[in-house]
Amino acid sequence: MAKIDTSFFDIGQLDRLAQGHTAIHRLDPRAKLVTTIAFLVAVVSFPKYEVSALLPFFIYPVVLVAMGQLPAGFILQKIVVVAPFAFMVGVFNPFLDHEIVLHLGPLAVSGGWLSFISILLRFTLTVGTAFLLIATTSFHGLCLALLRLGAPKILTVQFLFLYRYIFVLGGEAMRLVRARALRSFGKRGLGIKVFTSIIGHLLLRTLDRAQRVHQAMLSRGFDGEVRVLRPLRFRAMDILFTLGWLAIFAAMRVYNLPQFVGTLLTRTMS
Amino acid sequence: MSHHIVEVNDLRYGYPDGTKALKGVSFRITHGESVAVVGANGAGKSTLLLHLNGYLTPQHGTVRIGDYPLTKETLQEVRRTVGMVFQDPDDQLFMPTVYEDVAFGPLNLGFPPHEVESRVLAALERVGAMALKNRAPYHLSGGEKRAVAIATVLAMSPDILVMDEPSSNLDPAARRRLINLLKSFKHTKIIASHDLDMVLDLCPRTIVFHQGKIAADGSTEAIFRDETLLEACGLEKIERLQRCPVCGN
Numbered sequence: 000m001a002k003i004d005t006s007f008f009d010i011g012q013l014d015r016l017a018q019g020h021t022a023i024h025r026l027d028p029r030a031k032l033v034t035t036i037a038f039l040v041a042v043v044s045f046p047k048y049e050v051s052a053l054l055p056f057f058i059y060p061v062v063l064v065a066m067g068q069l070p071a072g073f074i075l076q077k078i079v080v081v082a083p084f085a086f087m088v089g090v091f092n093p094f095l096d097h098e099i100v101l102h103l104g105p106l107a108v109s110g111g112w113l114s115f116i117s118i119l120l121r122f123t124l125t126v127g128t129a130f131l132l133i134a135t136t137s138f139h140g141l142c143l144a145l146l147r148l149g150a151p152k153i154l155t156v157q158f159l160f161l162y163r164y165i166f167v168l169g170g171e172a173m174r175l176v177r178a179r180a181l182r183s184f185g186k187r188g189l190g191i192k193v194f195t196s197i198i199g200h201l202l203l204r205t206l207d208r209a210q211r212v213h214q215a216m217l218s219r220g221f222d223g224e225v226r227v228l229r230p231l232r233f234r235a236m237d238i239l240f241t242l243g244w245l246a247i248f249a250a251m252r253v254y255n256l257p258q259f260v261g262t263l264l265t266r267t268m269s
Numbered sequence: 000m001s002h003h004i005v006e007v008n009d010l011r012y013g014y015p016d017g018t019k020a021l022k023g024v025s026f027r028i029t030h031g032e033s034v035a036v037v038g039a040n041g042a043g044k045s046t047l048l049l050h051l052n053g054y055l056t057p058q059h060g061t062v063r064i065g066d067y068p069l070t071k072e073t074l075q076e077v078r079r080t081v082g083m084v085f086q087d088p089d090d091q092l093f094m095p096t097v098y099e100d101v102a103f104g105p106l107n108l109g110f111p112p113h114e115v116e117s118r119v120l121a122a123l124e125r126v127g128a129m130a131l132k133n134r135a136p137y138h139l140s141g142g143e144k145r146a147v148a149i150a151t152v153l154a155m156s157p158d159i160l161v162m163d164e165p166s167s168n169l170d171p172a173a174r175r176r177l178i179n180l181l182k183s184f185k186h187t188k189i190i191a192s193h194d195l196d197m198v199l200d201l202c203p204r205t206i207v208f209h210q211g212k213i214a215a216d217g218s219t220e221a222i223f224r225d226e227t228l229l230e231a232c233g234l235e236k237i238e239r240l241q242r243c244p245v246c247g248n
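Going down the list, the protein sequences come from chains V and D. Using numbering that gives the first Met the number 0, you'd call the opening residue of the first sequence number 0 and step up by one each time. Using numbering that gives the first Met the number 0, you'd call the opening residue of the second sequence number 0 and step up by one each time.
A couple of the hints might just be wrong.
[Claimed, not checked] Calculated pairs, DSSO-like style, for lysine-lysine (alpha carbon to alpha carbon, straight line, at most 30 Å):
{"hint": "1", "chain 1": "D", "residue 1": "132", "chain 2": "V", "residue 2": "152"}
{"hint": "2", "chain 1": "D", "residue 1": "236", "chain 2": "D", "residue 2": "212"}
{"hint": "3", "chain 1": "D", "residue 1": "212", "chain 2": "D", "residue 2": "185"}
{"hint": "4", "chain 1": "D", "residue 1": "71", "chain 2": "V", "residue 2": "152"}
{"hint": "5", "chain 1": "D", "residue 1": "212", "chain 2": "D", "residue 2": "22"}
{"hint": "6", "chain 1": "D", "residue 1": "19", "chain 2": "D", "residue 2": "212"}
[To be verified] To list a few chain V residues with every Cβ distance to chain D over 10 Å, as calculated:
{"hint": "7", "residue": "85"}
{"hint": "8", "residue": "200"}
{"hint": "9", "residue": "224"}
[Said to hold, decoys possible] Pulled from the structure, derived: some chain D residues nowhere near chain V, Cβ distances all over 10 Å:
{"hint": "10", "residue": "4"}
{"hint": "11", "residue": "9"}
{"hint": "12", "residue": "29"}
{"hint": "13", "residue": "32"}
{"hint": "14", "residue": "58"}
{"hint": "15", "residue": "63"}
{"hint": "16", "residue": "67"}
{"hint": "17", "residue": "75"}
{"hint": "18", "residue": "121"}
{"hint": "19", "residue": "125"}
{"hint": "20", "residue": "129"}
{"hint": "21", "residue": "200"}
{"hint": "22", "residue": "204"}
Hints were generated in silico from the structure; no laboratory data involved. Beta carbons are placed, not taken as given, at the ideal position from N, Cα and C, and that holds for glycine.
Could you put together the complete structure from these sequences and hints?
What follows is the structure, encoded as structure tokens:
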């Protein structure tokens with residue numbers, strides 16, 4: 000239970016990091032969103048056995064962490080928490096794909112191992128930059144960027160409310176779970192039957208709360224439109240950031256930098 | 000300036016499940032008055048408050064806010080006139096940051112951006128929450144949330160403030176700050192509360208609800224000294240008005 004508590008409040012921690020005042024934080028959310036999407040597309044688009052060409056891409060998250068003055072340990076910890084999913088996706092590859100595709104001296108590496116490593120690398124890159132995006136932009140900055148980039152308003156407003164009330168709902172769920180644990184001794188009272196009743200209660204409470212929130216919105220003149228006050232301005236810095244990184248990603252996608260350096264080294268040595 | 004009166008005449012309301020929440024309620028609150036609405040749980044206080052901001056429309060009888068009778072046509076005007084502070088600030092603070100939340104009302108009222116900004120800043124300044132401007136509502140303490148909830152309403156410059164249990168869940172210091180803040184407002188105030196001690200500090204007049212009807216309406220002090228009335232309505236004489244248990248004076 001303590002585990003639910005802590006990982007839950009970490010979501011808020013990620014958002015709190017977004018209140019920093021570095022050059023990265025000051026960038027327009029749209030610039031960061033577009034750059035991150037380009038990054039994700041570039042990383043995901045490599046063929047499945049690719050490992051070496053992925054490595055240069057670590058420069059983007061590393062630069063973000065350094066310039067945004069973010070705690071790298073905390074971000075890594077967050078990645079590790081969700082890592083089991085990627086691990087489960089790739090863990091059977093070495094058993095299914097025995098074809099030898101690479102010889103490292105005496106060691107023969109099968110395609111399965113390569114693709115497994117590739118999956119883990121991609122996972123670290125994509126999830127890491129997604130976390131970094133939130134930690135430098137904040138969740139509502141992102142929603143705003145989505146809105147300005149033409150995402151449907153109803154969707155972004157849903158996101159905003161989801162993010163606002165997930166903390167309240169989580170707090171309520173936690174109190175219910177705690178109350179149950181305090182009155183159930185040993186295994187009795189912890190069965191699925193009680194659990195379904197808890198879920199039912201949560202749903203009813205949520206409906207009630209939704210109604211009260213709606214009342215509060217109506218009493219402040221809500222007419223179906225959520226107006227957001229925050230002019231976003233795309234400055235020269237934002238253009239530079241976006242175009243610069245797009246160019247770097249394109250270059251890293253087309254040219255395999257480690258291979259290039261490797262051949263250069265072997266050629267000079269021979 | 001228009002007269003910020005609230006006039007309720009023979010108001011009745013029954014919920015779909017058959018509960019008769021209000022059974023003929025009439026009162027008139029005049030400009031600048033500060034009135035408490037007290038009563039046991041389920042006495043009809045909340046139902047009354049929902050009528051005052053037009054969330055519920057009268058099934059029988061009339062509600063008149065300022066110059067407008069409450070109808071579907073005057074709803075927006077009534078909601079601008081009446082600022083409603085809800086019992087649970089989490090219901091009222093739904094935007095990502097404090098600033099945007101306070102700006103929600105003024106933006107809906109269609110004010111130009113610079114006017115919205117000056118209103119938001121003035122409202123935050125008024126409740127002493129300027130430092131919380133860029134914080135997210137769920138990171139605030141109970142007292143801070145309450146202050147911001149009041150600011151969200153002040154930013155629309157209402158004439159009448161309606162509050163549901165403003166002092167609930169506050170620690171003693173935060174409660175005292177809230178009382179002093181409310182004391183400084185010149186608005187017409189209607190406060191529903193179980194905190195009779197606060198009522199004595201804030202409201203010269205009290206309306207007692209009992210089972211959907213008004214059991215008493217008059218001077219707070221006179222009502223709070225009437226032990227038979229209080230007991231019949233599920234209330235209790237507050238300590239300050241009781242005799243000292245040690246010396247009997």
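Item to check | Unsatisfied constraints (hint numbers, rising) | outcome: Hints 9, 17 are the ones this structure does not satisfy, whereas the remaining hints hold.
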